[in-house]
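Chains V, Z, A and S supply the protein sequences, listed in that same order. Residues 1 to 317 in full-length UniProt numbering are what the first sequence lists, from first letter to last. Residues 1 to 317 in full-length UniProt numbering are what the second sequence lists, from first letter to last. Residues 1 to 317 in full-length UniProt numbering are what the third sequence lists, from first letter to last. Residues 1 to 317 in full-length UniProt numbering are what the fourth sequence lists, from first letter to last.
If you are wondering where the hints come from, they were derived from the structure by calculation, not from laboratory data. Do not rely on the hints blindly, as some may be mistaken.
To be verified - Straight-line alpha carbon distances no greater than 27 Å define the calculated DSS-like cross-link-like pairs of lysine-lysine that follow:
| id | chain 1 | residue 1 | chain 2 | residue 2 |
| --- | --- | --- | --- | --- |
| 1 | S | Lys263 | Z | Lys136 |
| 2 | V | Lys72 | V | Lys20 |
| 3 | V | Lys72 | V | Lys23 |
| 4 | V | Lys136 | A | Lys23 |
| 5 | V | Lys263 | A | Lys136 |
| 6 | A | Lys263 | V | Lys136 |
| 7 | S | Lys136 | Z | Lys136 |
| 8 | V | Lys136 | V | Lys262 |
| 9 | A | Lys72 | A | Lys20 |
Stated by the list, open to error - Derived CB-CB ranges, DEER-like:
| id | chain 1 | residue 1 | chain 2 | residue 2 | range |
| --- | --- | --- | --- | --- | --- |
| 10 | Z | Gly63 | S | Glu275 | 40 to 46 Å |
| 11 | Z | Glu9 | A | Leu274 | 36 to 42 Å |
| 12 | A | Glu99 | S | Gly272 | 24 to 30 Å |
| 13 | V | Asp46 | S | Glu184 | 36 to 42 Å |
As the structure is a computational prediction, the values presented were derived from the model and not from experiment. We put the CB at the ideal spot given by N, CA and C, even for glycine.
Protein chains: 4
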Amino acid sequence: MTGKNELLERIEERYDGMSKSQKKLADYIRSSYEKAVFMTAARLGDVVGVSESTVVRFASGLGYKGYPQFQKALEELVSNRLNFIQRMEVTYGRISQSEILMSVLQSDIEKIKLTMEHIDQNAFETAVDTILNARKIYIVGIRSCATLANFLGFYLNLIRDNVVSVDTNSSSEIFEQIIRITEEDVIIGISFPRYSMRTLKALEFANNQGAKIITLTDSVHSPMNLYSSCSLIARSDMTSIVDSLVAPLSVINALVVALCMKKQDEVVDTLGTLEQIWDEYQVYSSDELHPVRDKIPLHFPDQKKVNDQRRTEWEKQ
Amino acid sequence: MTGKNELLERIEERYDGMSKSQKKLADYIRSSYEKAVFMTAARLGDVVGVSESTVVRFASGLGYKGYPQFQKALEELVSNRLNFIQRMEVTYGRISQSEILMSVLQSDIEKIKLTMEHIDQNAFETAVDTILNARKIYIVGIRSCATLANFLGFYLNLIRDNVVSVDTNSSSEIFEQIIRITEEDVIIGISFPRYSMRTLKALEFANNQGAKIITLTDSVHSPMNLYSSCSLIARSDMTSIVDSLVAPLSVINALVVALCMKKQDEVVDTLGTLEQIWDEYQVYSSDELHPVRDKIPLHFPDQKKVNDQRRTEWEKQ
Amino acid sequence: MTGKNELLERIEERYDGMSKSQKKLADYIRSSYEKAVFMTAARLGDVVGVSESTVVRFASGLGYKGYPQFQKALEELVSNRLNFIQRMEVTYGRISQSEILMSVLQSDIEKIKLTMEHIDQNAFETAVDTILNARKIYIVGIRSCATLANFLGFYLNLIRDNVVSVDTNSSSEIFEQIIRITEEDVIIGISFPRYSMRTLKALEFANNQGAKIITLTDSVHSPMNLYSSCSLIARSDMTSIVDSLVAPLSVINALVVALCMKKQDEVVDTLGTLEQIWDEYQVYSSDELHPVRDKIPLHFPDQKKVNDQRRTEWEKQ
Amino acid sequence: MTGKNELLERIEERYDGMSKSQKKLADYIRSSYEKAVFMTAARLGDVVGVSESTVVRFASGLGYKGYPQFQKALEELVSNRLNFIQRMEVTYGRISQSEILMSVLQSDIEKIKLTMEHIDQNAFETAVDTILNARKIYIVGIRSCATLANFLGFYLNLIRDNVVSVDTNSSSEIFEQIIRITEEDVIIGISFPRYSMRTLKALEFANNQGAKIITLTDSVHSPMNLYSSCSLIARSDMTSIVDSLVAPLSVINALVVALCMKKQDEVVDTLGTLEQIWDEYQVYSSDELHPVRDKIPLHFPDQKKVNDQRRTEWEKQ
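Start from the sequences, fold in the hints, and give me the full structure.
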């Protein structure tokens, strides 16, 4: 695993001699190669604001025979995660830990703002209605997106029936779980760079079975939208090793609230029944803390004092 | 399950006749009863900005014999989730679905801002160092917090060794998984209102074994902090049925970035080894999408046009 | 945790002076207290082959005021798992490791034989038909029984639609997953000594909703059968710390085969579709090993020679 | 998906005219192609009891240019699961459901018997000691074998520290979980026909890192043994769509008992601590049913009468 990536090196060498348009392209590729890799020359031009021929010339100017070879180089750049580490070094390399904290939180605020500006509100409303009217809902999210998929599934399950949180685990492959999907069903695919192949294939299959596809992804250019009729776009972040799923989670919150508001009576019923069950069937009480019943000491000392005390002890170690 | 909760009704009946201090108390209880339930009269007074005796008189003014009975009524209010539905109705009852979307996203932005204002930066730095120096890390998060626990565990596993994402599932109870925790280990407890009893008990046990406790919770008054030496406070939201875990997730992002920056060489090594493995051992390629290799069609039509077209078809159905 | 259990000690002290009937009772209690604990005096008498009054006198003869106190002592015996360790010491304490191997395997053979002798064949056939005709199937198995539940769910999913393997995990409690069960559905409860309370409660709830209950458990006296209309009885073993689930697993095998034979066309279809999918959608090939395609070296040396060689190296360490 | 497989058809056409040796080969291939596919001509000859040249001539006699082409045909036979359905039809096609029950149970007894005859007792004892002395244990089992892996992991966790049940799920791939394995560690690979590629690759990687490999598989010829120093052989069954894991489960039982016997004091300690915890920390009581405490009605009517009654009602529907 050699140091810097070849494509990035070539860009760096030639950067100063580039035209304004070319610099725009170079900047975009350096900061968003995981998006660029999925674009045709035309689209890349669109996104950056230059002509398609400028893009093609840019690629050959870097020494690549044609755009396909340039794309291969991009692909190599993307698949090598070390490049993400280097990008992270650039962003966070010279600031202190607490500055990292504030920097990340601020960055997440920005992502939600950008999401607010760009999300398609019609798509949101379509998603809500589609989810309510579906016979069965499948939710697919792999790796870090499993987090979001399980969260959404957890709440959808309280709101309606027939919700399946598809999960690849040691036992079942994705396809075995969605094999009976029909045009009466809906599949929600959640995927962010660098995108999941299995998720995309699942959406492709579902689409061929006539099911409705809703995607939650980072950009209208995301390959996840290839089969989707309803795309919810939320910004994620590739400046570090961790995908920031804060904006997508916020969109999911909104989805759940909107669904609850439309299905209030049913939710009230379900929650009511659950409350009854916990009493009636004398199951161990719900896991929720009851200070009186569970005799939680309420006279705990001033928290900050204790914290500082304990921390001092740790630091001595 | 009768309509409105008795305590809330009593407050409503007497509200107009209340003094300014009493109204402050009433407002706080109506909006944050899931926090108030864990407070002594003194602390509740502190938080709202009134004297302890005001709090006690408030309780008897509502018709409760003493503060304990008032607390029991609070507990009943908290355990009945329908009250959360009613609070949600108040907030979202009269706005449209798209307004719900913007409202939730904006609210999540506010929560991150409040988190930035109040989070203890020393605690953050202590958490980072503690996590790096621990012999073994246990992460506990139940129900919706499992989302956060799994996400944190996923990344910690790439950064260091011996990370256990404790999970109650059909097979193992929490205690069976943390039974061998010692003073060389760290446990990270993640819990938001209405708080998890099992998580608290796990922290209590770990504390008695001498382990270091780090908590990620919503308030310094959270009972989760009873045993914690290092509390990371991130705002969550109880205005709806769904806990907003956006601010906690953002804090976790920051934690992961800070840890990566401190352990860059190890992370680079691990990722490098993983890349090699995928080549060398000819395992099916990593799930990550490679547009060239996976022949993803890049010439997909203008996304918005397709979206609108498909959506039109759905609406006709 | 004191040494021997008090009830067992009392039995041991008085054993030699017991009548033949009393010795039968004593023997049964010593070897099967986890079953005895759930029996009335009448039933215990039935099972052992003595009169109810003999059982009552036996209890007072041991120094217990009445049968309820004797039951409490039984309960204490059961809940202390150390007693199972002691029982294991009796069975395996004086034999070598290889003898343990043969002894356990032989014991598992015996359990399947006993199962063959006692299983209700009508119940088996009813179970098969009930599973095929159900609108939705829920499978509940906790802790070591989760193993069986997941296995059954894995195969049922290939045979028919709408199969839910209920699982308590960090996110969802059992009741949240079965809350919408109706009389058109079936729930399969799998539980062996010392039996799961949550499973029993789930069956109780399902029964009250009018659903059909099928149980897989160790004895007709099992409390799991309280609500069941269709009990499949397979022997398990409490001579050691581990529940032998070999006989239950064998019964599940039979269930799956019988279901496949009845639904051959559907299974053929599903498998056929899965095969097509793996080709067509160019998902990474199924995980199954293909020696030619995966270039598995077939010229591996004489296995036994290599084994012995490697083992010699280990033993030197 | 055409009807019968071509290789099987060729065998069927030529069967009557075959020599005794050739018929032995044909029979073996028809009943065990999923094993044959992994064998060289020499090994296949060994197993069946004919010479290598006989095997080669058999292949060309069927119309295949050379042994490699014959192997490809075998591979096609194996990968098409419909052939397993057909084999199941042969075995179970003409018997009633109850006969299926007895037939499967009896067949599972036979498999345990065969396991008893052929298992390497030295390997068993080596496995026990190796597991006890390892720094860290990884257990890998995919798909139906996940059942066994989780079961083993559940009990190993009560017996010793640092046990990781590797699980591919939506979040982590296998390699990410075993990346830090060293020569002080042990990996237990569990795989039965048609064998898991990911499991084999994991064992290959672990072997290169110098770790000790223990396998639980169906035959000494299993490719899983390529890297193993300690192979526990237990018969499985491919007469139906379901892998019978009864014999492997029995071997795991024996392993757990043997480990408990060697580590009695530690197990006693752990269980004792767990018992204390459930009392002391006032967690909801363990899930285990306590008839007195949980007020389980013990006066339940004669089970068989109720069963028959309920079943009659079902059948009327």
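Evaluated hints:
{"no.": "1", "hint": "S/Lys263 <-> Z/Lys136", "result": "holds, 23 Å"}
{"no.": "2", "hint": "V/Lys72 <-> V/Lys20", "result": "holds, 25 Å"}
{"no.": "3", "hint": "V/Lys72 <-> V/Lys23", "result": "holds, 21 Å"}
{"no.": "4", "hint": "V/Lys136 <-> A/Lys23", "result": "violated, 60 Å"}
{"no.": "5", "hint": "V/Lys263 <-> A/Lys136", "result": "holds, 23 Å"}
{"no.": "6", "hint": "A/Lys263 <-> V/Lys136", "result": "holds, 23 Å"}
{"no.": "7", "hint": "S/Lys136 <-> Z/Lys136", "result": "holds, 13 Å"}
{"no.": "8", "hint": "V/Lys136 <-> V/Lys262", "result": "holds, 18 Å"}
{"no.": "9", "hint": "A/Lys72 <-> A/Lys20", "result": "holds, 25 Å"}
{"no.": "10", "hint": "Z/Gly63 <-> S/Glu275: 40 to 46 Å", "result": "holds, 45 Å"}
{"no.": "11", "hint": "Z/Glu9 <-> A/Leu274: 36 to 42 Å", "result": "violated, 58 Å"}
{"no.": "12", "hint": "A/Glu99 <-> S/Gly272: 24 to 30 Å", "result": "holds, 28 Å"}
{"no.": "13", "hint": "V/Asp46 <-> S/Glu184: 36 to 42 Å", "result": "violated, 55 Å"}
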